[in-house]
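Dock chain B against the given chain A, drawing on the hints supplied.
Residues per chain, in single letters:
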Amino acid sequence: MTDIQADLTQPMSIAIRPAPSRQRGAGIAPWLYLAPALILLFMWTYVPLVEAFKLSFYQWNMLPTAPQRFVGLDNYRRIFALSEMRTALWNTLFYIIGLFPMSVIIPLFVAILTQDLQGRLRMLYRTLIFVPMIVPPVVAAILWRWLLSDDHGLVNNLLALAGLGTVGFLTDPHCALATLTWITGWKLIGFSTLLFSAANAGIDRSYVEAARIDGASRWQIVRDIRLPLLSPTIMLLSMMTILFGAQWSFAYISVLTNGGPLKSTTNIFYVLWEYGFETLSAGWSAAAGMITFASFAVIAFCCLRLMKRYAVYDN
Amino acid sequence: MTIDLLSQSQATGGRRLTLRTICLHALMILLSFVAVFPIYWMIVSSLKAENDIFSTTLWPAYPSLENYAYVFAKMPILRIIANTTIVSVTTAALQVLTGLLAAYALVRWRMRLAGFVNGLIALSWLVPFQVTMIPNYVFASRLGLLDSLGGLIIPNAVAAFAVLLLYHSMRSFPTEVLEAGRMDGAGHWRILWEIVAPNMRAPIASLAILAFISAWNEYFWPLLLSRKIENSVVQIGLQMFMTQEGNLWGPLMAAATLASLPILLIYLVLQRQVIESFMKSGIR
Chain A
1 MTDIQADLTQ
11 PMSIAIRPAP
21 SRQRGAGIAP
31 WLYLAPALIL
41 LFMWTYVPLV
51 EAFKLSFYQW
61 NMLPTAPQRF
71 VGLDNYRRIF
81 ALSEMRTALW
91 NTLFYIIGLF
101 PMSVIIPLFV
111 AILTQDLQGR
121 LRMLYRTLIF
131 VPMIVPPVVA
141 AILWRWLLSD
151 DHGLVNNLLA
161 LAGLGTVGFL
171 TDPHCALATL
181 TWITGWKLIG
191 FSTLLFSAAN
201 AGIDRSYVEA
211 ARIDGASRWQ
221 IVRDIRLPLL
231 SPTIMLLSMM
241 TILFGAQWSF
251 AYISVLTNGG
261 PLKSTTNIFY
271 VLWEYGFETL
281 SAGWSAAAGM
291 ITFASFAVIA
301 FCCLRLMKRY
311 AVYDN
Chain B
1 MTIDLLSQSQ
11 ATGGRRLTLR
21 TICLHALMIL
31 LSFVAVFPIY
41 WMIVSSLKAE
51 NDIFSTTLWP
61 AYPSLENYAY
71 VFAKMPILRI
81 IANTTIVSVT
91 TAALQVLTGL
101 LAAYALVRWR
111 MRLAGFVNGL
121 IALSWLVPFQ
131 VTMIPNYVFA
141 SRLGLLDSLG
151 GLIIPNAVAA
161 FAVLLLYHSM
171 RSFPTEVLEA
181 GRMDGAGHWR
191 ILWEIVAPNM
201 RAPIASLAIL
211 AFISAWNEYF
221 WPLLLSRKIE
231 NSVVQIGLQM
241 FMTQEGNLWG
251 PLMAAATLAS
261 LPILLIYLVL
271 QRQVIESFMK
281 SGIR
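In order, the protein sequence lines correspond to chains A and B.
Sequential numbering from 1 applies to the first sequence in my numbering.
Sequential numbering from 1 applies to the second sequence in my numbering.
Hints may be right or wrong, so weigh each one.
Unchecked claim - Think about it this way: if two alpha-carbon atoms lie no more than 25 angstroms apart in a straight line, the pair counts; the simulated DMTMM-like pairs of lysine to aspartate or glutamate are:
no., chain 1, residue 1, chain 2, residue 2
1, A, K308, A, D204
2, B, K74, B, E50
3, B, K74, B, D147
4, B, K228, A, E278
5, B, K280, A, D204
6, B, K280, A, D116
As the list claims (entries may be wrong) - Between beta-carbon pairs, the in silico distance windows are:
no., chain 1, residue 1, chain 2, residue 2, range
7, B, L58, A, C302, 46 to 52 angstroms
8, B, R171, A, L158, 51 to 57 angstroms
9, B, R272, A, K308, 32 to 38 angstroms
10, A, A160, B, K74, 30 to 36 angstroms
11, A, D214, B, P60, 55 to 61 angstroms
12, B, R272, A, A160, 40 to 46 angstroms
13, A, R86, B, A61, 47 to 53 angstroms
14, A, G72, B, R272, 55 to 61 angstroms
15, A, D172, B, A197, 51 to 57 angstroms
16, A, R86, B, A202, 47 to 53 angstroms
17, A, L306, B, T175, 31 to 37 angstroms
18, A, A211, B, Y62, 57 to 63 angstroms
19, A, F100, B, W189, 46 to 52 angstroms
20, B, A82, A, G27, 41 to 47 angstroms
Because the hints were derived from the structure by calculation, they are not lab data.
Small disclaimer: the values here were computed from a predicted structure and weren't measured.
We treat Cβ as the ideally placed atom computed from N, Cα and C, and that holds for glycine.
Looking at chain A on its own, in the form it has when it is part of the complex:
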């Protein structure tokens, strides 16, 4: 089981388990050790969360001198009526689903197919495919902007050479969303491949040997042994993609398209930022933020339930 899963699934049960060596009634000492972490978390996460909730019922233009006017549920009503919001939600879904091939499916196949590769070459491949994960997002954005540039970008040059004409990867509303999803995914392939390879290498060889002696085919071994034992990793990466996929694309939207052309690449997190800091409607941003937070919390809860029920662990 992964660290992350363990904590997300059972933060309560872990801590309550008694340990004989721990002291009881230690008074204030533990709180002194916890203080830096807790104070910072309250200052920068929980208090702001409550404030954002409050702000979602007010109208405010972010100017320190301007008054905050109570408008009740108006912000929420407005938000649901905006067509922009619908586009953003569909795009958020597109980002998440579009990332799956690169964050889960391809890496899973690669890890299973390459399990027999050994030695130095394997380390070299690992090192290379992991490089995009390290590159700063803005650098990734800029270098893809150059590669995909309408005039003289390498990719369009090659397309023109092949007689296919040029594609406005970032300027054509039909292509831009897919392009940004690709750039987000490009950074993830290496990470997911590594996680799957590690999990795959961790599978006890005796299971595979036993199945082979029983005459199981390659595909049967994959289906009945490897896939079930990889299910915790599959679920972890799926959950990360669902919960964070749309957030990962934020930097690329902001650097490359500003949500355009024709709002085709905007997503919910970019809309939150636009309402807050471009159009200065703090109330709308806060209301949309609350809806986003609530939805993702529900999704996270469902994911964890699914993970608990369906993941197979080798104990």
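Using the frame of chain A, we list chain B on its own:
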């Protein structure tokens, strides 16, 4: 070559045909190419002179550093890289510090509220930054942290991930050693720094690497706080440079190369540790 591949596949215990092995290598080479070529192209483009930039040759006919000279003249790139280094190193150090203290408290004492505290720390992970950004921004500006490095560091001085990672590695620490320390009359502070921390070098190093890389690559919070280019970090500096210089591809590629050079060098040197720390963050 064929013999080589054959003996290798026999060594792994399979009865693979060489064709299979060749296909696997082809697949991995393709993936590595997709991963690395864009970065190679960025570096090569940065070395091409202005009249050469649109050529599709894989290596510049006459490599030149004029793009780099342009960047150094137009942009305080060294200052920005220094800023980013300060922010990343400090953030990583503070995350390790606050994480160690909190993890020690959770492991060492049985508190009635431990479950609650644990949940509070874990849940903070799920709050998207864009949801709390307006109150955070207002708060930071009230504290006078706009356009300062402190403003970039302080909110990131604690990370749920850091606390949980250290908590998990500390839980497996042998309690006998702690008991022995206490018998010798060592206080908690001394036990933590003289016994626990030195024995947790591996998880601390992983955490420090991860925290450093993610601080270096942080985009959103600097986007809100930064005003002037000389007080910003590489991410924002690059974005500003891109907006100003539009389609001057050569200088843009040179600036992007310079901004990612430190982190790529660190990766080259510590490559095994970096990969391992990322893998451990997902898998025990």
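Quick rundown of the hints versus the structure:
no., hint, result
1, A:K308 x A:D204, "holds (22 angstroms)"
2, B:K74 x B:E50, "holds (16 angstroms)"
3, B:K74 x B:D147, "holds (20 angstroms)"
4, B:K228 x A:E278, "holds (18 angstroms)"
5, B:K280 x A:D204, "holds (19 angstroms)"
6, B:K280 x A:D116, "holds (22 angstroms)"
7, B:L58 x A:C302: 46 to 52 angstroms, "holds (49 angstroms)"
8, B:R171 x A:L158: 51 to 57 angstroms, "holds (54 angstroms)"
9, B:R272 x A:K308: 32 to 38 angstroms, "holds (34 angstroms)"
10, A:A160 x B:K74: 30 to 36 angstroms, "holds (32 angstroms)"
11, A:D214 x B:P60: 55 to 61 angstroms, "holds (59 angstroms)"
12, B:R272 x A:A160: 40 to 46 angstroms, "holds (42 angstroms)"
13, A:R86 x B:A61: 47 to 53 angstroms, "holds (51 angstroms)"
14, A:G72 x B:R272: 55 to 61 angstroms, "holds (57 angstroms)"
15, A:D172 x B:A197: 51 to 57 angstroms, "holds (55 angstroms)"
16, A:R86 x B:A202: 47 to 53 angstroms, "holds (49 angstroms)"
17, A:L306 x B:T175: 31 to 37 angstroms, "holds (36 angstroms)"
18, A:A211 x B:Y62: 57 to 63 angstroms, "holds (60 angstroms)"
19, A:F100 x B:W189: 46 to 52 angstroms, "holds (48 angstroms)"
20, B:A82 x A:G27: 41 to 47 angstroms, "holds (44 angstroms)"
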